[in-house]
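Residues in the sequence shown are numbered consecutively from 1, following the numbering used here.
Keep in mind the hints are simulated off the structure, nothing from the lab. Do not rely on the hints blindly, as some may be mistaken.
Calculated lysine to aspartate or glutamate pairs in the EDC-like style (CA-CA distance at most 16 Å, straight line) [to be verified]:
| id | residue 1 | residue 2 |
| --- | --- | --- |
| 1 | Lys133 | Asp194 |
| 2 | Lys133 | Glu121 |
| 3 | Lys259 | Asp194 |
| 4 | Lys259 | Asp245 |
| 5 | Lys67 | Glu7 |
| 6 | Lys67 | Asp2 |
| 7 | Lys259 | Glu206 |
| 8 | Lys67 | Glu40 |
Small disclaimer: the values here were computed from a predicted structure and weren't measured.
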Amino acid sequence: MDSRNLETLVWVARLGGIGAAAQHLNLTQPAITRRIQELERELGAKVLRRQGRNVVPTPLGQICLGKAERILSEVATMRVAASGTAAVGTIRVGVVESIALTWFQNMLTRIEDRYPKVQLEIDVDLSSRLATKLARRQIDIALLPGPVQLTGVVLVPLGSCAMRWLGHPRLRPKDRAMTATDLAELPIISMPQDANAYYSTVHWFEQADVSPGLVHRCNSFSVMASLVRRGVGVSLLPPDLFRADLESGDLSILVEEPKVANVDYSAAYLPSVETTILPEVAALAAEESGFLRSPLACANSFGAEPLRDSRTPFG
1 MDSRNLETLV WVARLGGIGA AAQHLNLTQP AITRRIQELE RELGAKVLRR
51 QGRNVVPTPL GQICLGKAER ILSEVATMRV AASGTAAVGT IRVGVVESIA
101 LTWFQNMLTR IEDRYPKVQL EIDVDLSSRL ATKLARRQID IALLPGPVQL
151 TGVVLVPLGS CAMRWLGHPR LRPKDRAMTA TDLAELPIIS MPQDANAYYS
201 TVHWFEQADV SPGLVHRCNS FSVMASLVRR GVGVSLLPPD LFRADLESGD
251 LSILVEEPKV ANVDYSAAYL PSVETTILPE VAALAAEESG FLRSPLACAN
301 SFGAEPLRDS RTPFG
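I would like the entire structure built from these sequences, with the hints used as guidance.
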């Protein structure tokens, strides 16, 4: 029995469709169909069936699925033994920008040193999109803010990151401390609405009991900071990421009250029989994380349940 056909069964069942499995395995849909048909001819029965828009295992297919996963795990173990190293293959790592621009390079160096035959595919995206990709198994591990509400997910804490209102120093009043009301009168540059960071901003204004006027949206911290340096607006950003700008005076922390809650980060992965080193990769991320080691859990931060009231000042 061809192990490739078993692998195909596993991924069609996991992803719920021929097309999704084809994309994951870098094959055409006809090739996926042929593999399933070959497996069914060997077994003399159907292993998959249609259920609405999805493809799901038949009762026999469910039995075969468990056995196929164990066989693939053994195949992966044999490949490791044959390679003479700890691991081979490709790991798809999803990472948010705040990590990609800080300590991620140190983590990559550690992975390269420990697993020289492992290739990495790096996907930098918003946390909500990374969580969706993880659920669809389009990535193997995600480094992102907050908990991930996903059945079977393993979360490894990475610490917490401070967030502050940053802007050009000339925006601060000369004779008094800047208030939330002052801030609301300036253009706000925020993450998009599908980013959890957006809800941190919304929650802060709700705490302050003020509503911002003009709100621009941008999906990149670095671009947001570039706009803020030019005085285009103000943004809720991680000050550690822009420490050089704060020290040079190009940026300034504008408002201290109400306090902005720290943001908790995690390494999230779904256990996989094909990629057995994910726990080690998550542990390396925790070791190399530059975030605070005493996370401040807080409601409505990056990873909290988002506020979805249509009356929020951001639309």
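Discussion item. So if I understand the rule, the pair passes when the alpha-carbon distance is 16 Å or less; does Lys133 with Glu121 pass?
Written reply: With a Cα-Cα distance of about 13 Å, the restraint between Lys133 and Glu121 holds, given a limit of 16 Å.
Worksheet item: Within 16 Å, alpha carbon to alpha carbon, are Lys259 and Glu206?
Response: Distance of about 12 Å is within 16 Å: holds.
Worksheet item: Given the hinted pair Lys67 and Asp2, is their alpha-carbon gap at most 16 Å?
Response: Cα-Cα ~14 Å, so holds.
Practice prompt. Would you mind confirming whether the straight-line C-alpha gap from Lys259 to Asp194 stays at or under 16 Å?
Written response: violated, 23 Å
Discussion item. Against the 16 Å threshold, does the CA-CA distance of Lys133 and Asp194 hold or violate the hint?
Written reply: Satisfied, since the Cα-Cα distance of roughly 14 Å is no more than 16 Å.
Discussion item. Against the 16 Å threshold, does the CA-CA distance of Lys67 and Glu40 hold or violate the hint?
Written reply: holds, 15 Å
Worksheet item: Is Lys259 close enough to Asp245, meaning Cα to Cα at most 16 Å?
Response: violated, 21 Å
Worksheet item: Is Lys67 close enough to Glu7, meaning Cα to Cα at most 16 Å?
Response: holds, 11 Å
Against the hints set out earlier in the document, violations occur for numbers 3, 4.
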